[in-house]
Structure formats: structure tokens, C-alpha cells
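Peer 1: Order-wise, the sequence lines are chains X and W.
With full-length UniProt numbering, the residue at position 264 of the first sequence is 264, and numbering never jumps.
With full-length UniProt numbering, the residue at position 40 of the second sequence is 40, and numbering never jumps.
Derived from the structure by calculation, the hints contain no laboratory data.
Think of the CB as a built atom: it goes at the ideal place given N, C-alpha and C, for glycine as much as any other residue.
Hints may be right or wrong, so weigh each one.
Said to hold, decoys possible - Some chain W residues judged to face chain X by a derived CB distance under 10 Å, without partners named:
no. : residue
1   : D37
2   : G38
3   : I69
4   : A70
5   : H78
6   : A116
7   : D117
8   : R119
9   : A152
As the list claims (entries may be wrong) - Derived DEER-like restraints, expressed as beta-carbon distance ranges:
no. : chain 1 : residue 1 : chain 2 : residue 2 : range
10  : X       : E41       : W       : G87       : 31 to 41 Å
11  : X       : A138      : W       : L140      : 28 to 38 Å
12  : X       : R193      : W       : R135      : 25 to 35 Å
13  : X       : L59       : W       : R135      : 23 to 33 Å
14  : W       : V103      : X       : A138      : 19 to 29 Å
15  : X       : R193      : W       : R144      : 43 to 53 Å
16  : W       : Y136      : X       : H15       : 47 to 57 Å
17  : X       : A61       : W       : E54       : 50 to 60 Å
Unchecked claim - Computed far set for chain W versus chain X, every beta-carbon distance over 10 Å:
no. : residue
18  : A27
19  : G101
20  : E139
21  : I213
22  : D274
23  : V339
24  : V342
25  : A348
26  : S525
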Amino acid sequence: MSDVLDRHHVHVSGHGARTMVFAHGFGCDQNMWRWVAPAFEDRFRVVLFDHIGAGRSDLSAFDHERHGSLEGYAQDVVALCRALDLRDGVFVGHSVSAMIGVLAARQAPELFADMVLVGPSPRYIDDPATDYVGGFSAEQIEELLDFLDNNHMGWSQNMAPVIMGNGDRPELAEELTNSFCRTDPDIARHFARTTFRSDNRDDLAGLAARALVLQCTDDVIAPESVGRYVHARLPDSQLVLMQATGHCPNLSAPAETVAAIDAFL
Amino acid sequence: MPSSEASTPTPATSTSNDQLLDLFEHAPCGYLTAGPDGRIDRANRTLSDWLGVEPGQLVGRRFPELLPIAGKIYYETHFAPLLRMQGAFDEVALDLRRGDGTVVPVLVNARERRSADGRTVSLRITVMRARDRRRYEQELLDARRRADAATAELRELTHTLETRVAEELTQRQEAENQLRQSQKMEAIGQLTGGVAHDFNNLLTVILGGLETIERQLATPGKDPLARIGRAVAMARQGALRAATLTARLLAFARRQPLQPKPIDASRLVTGLADLLQRTLGATIALETVAGAGLWPALADAGELENALVNLAVNARDAMPEGGRLTIETSNACLDEDYVAGVPEPLPAGHYVLIAVSDTGCGMDQVALQKAFEPFFTTKDVGKGTGLGLSQVYGFTRQSGGHVRIYSEPGHGTTVKLYLPRCLDTRCVDTVAPQPENQASPRGSETVLLVEDHEDLLAYSVAVLRELGYRVLAAPDAAAGLALLGREPEIDLLFTDMVLPGGVDGRQLAEEARRDRPGLKVLFTSGYARNAILRNGRLETGMDLLPKPFTGEALAARVRAALDR
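Only chain X is shown next, with the shape it has when bound in the complex:
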């Protein structure tokens, strides 16, 4: 039981009859909920965790096959929620974790009664055959994946420890790197492939829980059309168009995010 909680570096805080589970997206860890999650601690049991491969999760538990599809991540979520005896909880998922939450809810419908999907996208790549606009062409996603393979941006944070010889002086590496969102480059590449090549449009219709779609203004990763698509396909959902810009309203506009979730709940 505690194994799965350790693996995901689970933090439980707050108190309440219901539990809220916050799931981070690609590129970050549970830190990204630091200005949103505390706002619910007075009414809910609040659960924060890192996906396997991110943050302080157990990297050795990363399985290229299991974590080669969002279903695998969803199984992780189901396992850790069951370890916490969750029923009729609230799932708050950002970015790719919004869809991971939908898949988890379909695997174990008893877990969540409410779903908050922040910047969700069931498919990032446009699908001209069905007139679906995901926001990216297939070539652009390939460019991203190629880019990750030649990860210059990650160089300074991921490679610095190697160049400095992190075995000898780990404290030096710690000073040099940006302290959040550090990931193993291999796992980051794998997660990016899994995320940006996913297509879970057909999973939306089967969601039993009621859902809130939080859509930012000018979100490069999940454009407004995608948010509207998700809202249209979910059986029982609300769509909130936020003032916040970018892809991370939980960081750029935490108050607005909290208010929107509050209103939904």
C-alpha cells in the first residue's frame, strides 16, 4: 500500500469528507499546484503526487512499455487512489493529466464524481480527416520530438551535472541547475512522445463524472477550439474561458483558477 504512495512521492494534507487529487502535466511536478491546492485544504483532503518519471517519484519504477501510453499513467492514478481509499473524489488534472484523469475515471468510475480539466487536449495533432484541430501539425510535433532528441534547452539543466562531474560535487550541480521541473532527459523525451502522439478523443464520451473544462486565453498547447471540442464531447461538462493567458493558469492566475474550481464544486 505505502509502496505506491512512496513511488509517487504522495503528499496528503487538509481535511474534509471528500478528497481532491491534483495531477501535474508534462514538464513539471506537484509543485505547480502550490498556489491552488492550499485553497481547498479547509474543505477537502488534498492529495498531491508526482507521475512516475517526474519530480521526486521513483525513477526506477519508470517502465517504457507501461508509460508508453496514457492508459499506463491512468493505471498509476487508479492504483494510488485505491491505496488512499478514494471514492467520489475530485480530480484536478492539468494539461496531459486532464486526459489521464478521464482515462482513470473510465477504468474506475467509483473514484471520482467531479473532474476539473485544466487546459485539456484529447489530441494535439490536427486530424484533417475529421476536421479536428489539435493546434499542431504532425510535422510540428515531429520537430518537437527531434528537438528533444537534441535537447539544447535542457542542456544547461540536465547536462551540467554530467559536465561538472556530479558524482564528485553534487552540490555544484545543484547550484547550477534550475531547481524545479528537472527530469531525466530520456524519460522527458518518452513522456513527450507519449503525450503529443496520444489520441483519446473517443474516451471523452464515456466519462460518467461531471466535468469542468478550464480554458485559458492564448494557450499555445491547448487552443480554445480544443477546449470547446472537449466540452462538446463530454456528456456532463461546463466550459470556463479564463482571463489567464498561457498554458498554466494555476501558476499565472491561481486566484482565478481557485475561484473557477470553487464555483464548479
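Keeping the supplied structure of chain X fixed, place chain W upon it in accordance with the hints.
Peer 2: Below, chain W without anything else, positioned relative to chain X:
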């Protein structure tokens, strides 16, 4: 800019505004600021020059819009959150898009100014060109990738090599097993001749016994029950001997892996003597000399027997006219000086020596040097595969021992097998010794019967005596000649063609006829490898009774030979 500086103007302030503006616009790094919504409100000339645009063209855009698609995604998912959480990020490697579509590799630092409640007030970003650094990083990445690939390749290669070596070893082992078995079958082939001869003798004994019983039942003589009893005992003994022989042959032929065990070489040699004697034929005398206090040797018993059979076969072929084969066992110490002269790695120390010596034609230097090569043979086509000595060599080396040949053309050959001494004396495998040896039966009448096979001799004597003949019996040529010298009244020499002791039946007959030119001779033979077929015919006054024979046939042929 700390506001305290701005609020204390100095005399130089009026001119320094231009200087500060110049410093901003033409600083050796790109610089931009953005408002709370992330939109650029000011960018310096250096940056706009690098990007090939007018500074005004940057105003109103968000920083991520300056990035190619991949950078944009990475910025939104990694660095924008980082900036919000840390308030800054440093040395982030990005590409900026230029007006003409090309990109500029840069390093970006960013600082957020926040209000008291944590909201973004403004954003400041510095941009350093990083073309050389990027190239260097790319080289490092490539080098690392090559190193990884090489490591993987090496690992794969090592793995493949290990697999291949294992496969080769298995194949080789399989081939060695097959070679060993074929060497053994070769030896079996050699043994079969001798054994067939023996078998015919035994069948003759058994058939004779049955015939005696039949005759006694039809026309009982004096004390028929006692005669029948003797005949039954004789037949049973013959059958039991045949069974023992078959069992030995089958044991020898059995396919089994090498199992080095402590063995008593002397007992093994004694146990094998019977089979060896069959292989050698009767014209070669076999002598075994067991060394006193012999150490146990560590070797595979079956392979040692195989080696001894191979050596015996070679010795036999080296002595077509007969001779002597001596197998001696003794303890041996090989000292440093000796092992230094041995080409193969061989530790100095205690060994058990088995020396196999013949009195044959020997080998010259050329043959000696090639003796251990597989398929090297001095024998005629069809007479040997040339694998015999190579088996001996392979076996000795595999046992951790050593083999050496001493040979003198015209005098003979000694092959010395040195097997490692077994220091664990707990269990010495005992090879069941072959008991019984021929003893000379004695008699005195007109037929001189020379037969090395005890049972057969007894049977033949009984048959002839029963028919009223006076029978003189001799187990070999020497005894036969002695009787011929002593007894003037011998009418018929009835002799086995194959005899022990170096003189065969034909030579015995020639010798006897030298003194008694008219002596009648009847040969018998079950198997005589070359003796009978050597010139294909028998001289006048000589006849051949093939084995196995019945008492009736014996009586008829003896009568006919005497009446001729």
C-alpha cells in the same frame, strides 16, 4: 534599478541619460522587458539587430512567440512554470527566430518582478548569443552519442562473441564426442575379429555338448547320465563365457561421456588382457607387468581401455609375423627438466605410467613425427583410419597427461602414457578382473590335438577318445612340438590354425613335417584373420575343418584325414 539612485541626481545626470540609453540599446547582450500579461514593452537595439527586425516589431508580442514551435512548447511546459515558481530562470538554451526565418542560438536569463500578493508586475529578459557554445555542446552531445553507440555496439559484440564461443564449444564438444565414438567403433571393429573367433569356439563347445546328449539319449553308452551331466556342464560353461564376452564388448561400445575417475591401471590392464589377446591374435604373446605399489591414476576408464586397444591394434599390425606385446604399469616422477622439454603445458610431478611395447617393425623419424596426427596412417587403405594414435594422444591430453613414443625401426615401438596421479585415494574404481587362463590338458595317444581353447580341447579330446582314438593334447605349438619330439607314434596332427605363443598352426605343421614328412595334418579354424587366406590354398595331406564343428563332423574328417 534601485529607486534611491534615481532620486539623487548628480551633475552628470543630464548627459548620462543618453549614455544610459546608449548602454541599454547597444549593450553587448539582448535585453527586453514585458508587462504583467507577458507582452514585450521594450526591446533593445542589440536584440532587434540580432533578430533582423526593427525594435518596434517586437513590442506587443510575447517572448515565446519569438521561438520556433518546439521551443514554444518547451517554454510553455517547462520554463514559464519555472519562472512563476522560482521567480527566475538562468542559462536556458533556446533558439530565437530571425526575421528571415533562420535561428539564433542564445542563452536566456529571466527575472520576474512581483507585487506583494505574488502577481507578476514585469518581466526582464537578457539574451546572450551562444553560437560557439551551442556548437561545442552539439559536439559534446554527438561525442556522447557516439560513445553510447560504441558502448552498445561493444556490449552487443561481446554478447555475440560469447554466444558464438558457446555455440562453437558445443559444436566442438559434439564433434569430439562423435570422434571418440567413431574411434571406439573402429576399435570395436578390430575386436570383433578376435571375438568372432572366440565365439565360434564357444558355439562348437555348446553344439558338441548338445550332440553328446543327443547321442547318449539315442544309444546310451556306459554311465549315460554322467556323460550327459558333463556335456551339460560343458555347454553351460561355453554359453556363460559367450555371455561374458558379449557383455564386455557391449560395455566397450557404449556411448558415454568422459568421466575421469580414480582408476587402478594394473587391474584395468589385467581385466582387458583377454580382449586384447583376441585382438592381437594367437601369434602375438601378451605380457602384462604390474608395477608394485602403483598409485591410482585419474582418467576415464573407458577411454583408457580404448587407447590400449588402439595401441594393441597398432602393435599387431606392426608384427605381421607375430611377436610380443608387453604392457607395463609403474609409478613415474616427471621432473622440471623433463617437462621443460615437452611441447605441451605439463606440470612436473607424479604420474602413472602405462608403457605399451611391441617387438614389431618400428617407425622411422618421419612416421614418428606424424604419428599423433589424425588420419595419418602407415596402414593400407581399408585397414585403419589413422585415428588410433590420435585418440591416444587426445585422451592423454584431455586427462592432463602426456604421451611419448620411442621407436627403433626393426626393433619395435614403446608408447608411454603418463596419466596424472590421483591424490584422492578414497575410491579407486575397480575393473572386474578377467579370471581363468588356459592350462594345458594332457594325454597320450595317436592323434596330437593342439588347441588353445580349453573347453573346445576338452570337448574334442572327449569326442575322439569316445571314438577309440588315443589322444595327445597340447595347448600351443611349443607343447605340440615337444610332444612330437617325444612320441614316435603320432598319426595325425589336428591343430587349431590360430595359436598363442608366437607360432601358429601352419608354422607348427611345417615344423612337424620337417621331421616327419608324411605326417597327416587336419587344421581347424573359426577365424584366422590372415593366416588361412595368406596364400589361399592348403598343401597336400592337409585338410581344414571349419569351426564350429559337430562331433560327427570331427569324427568323419579325422577318419578321412587318416585314410587319405
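Peer 1: Kindly indicate which numbered hints from before are broken by the structure, ordering the numbers from low to high.
Peer 2: Going through the list in order, the structure violates hints 6, 9, 10, 15 and respects the others.
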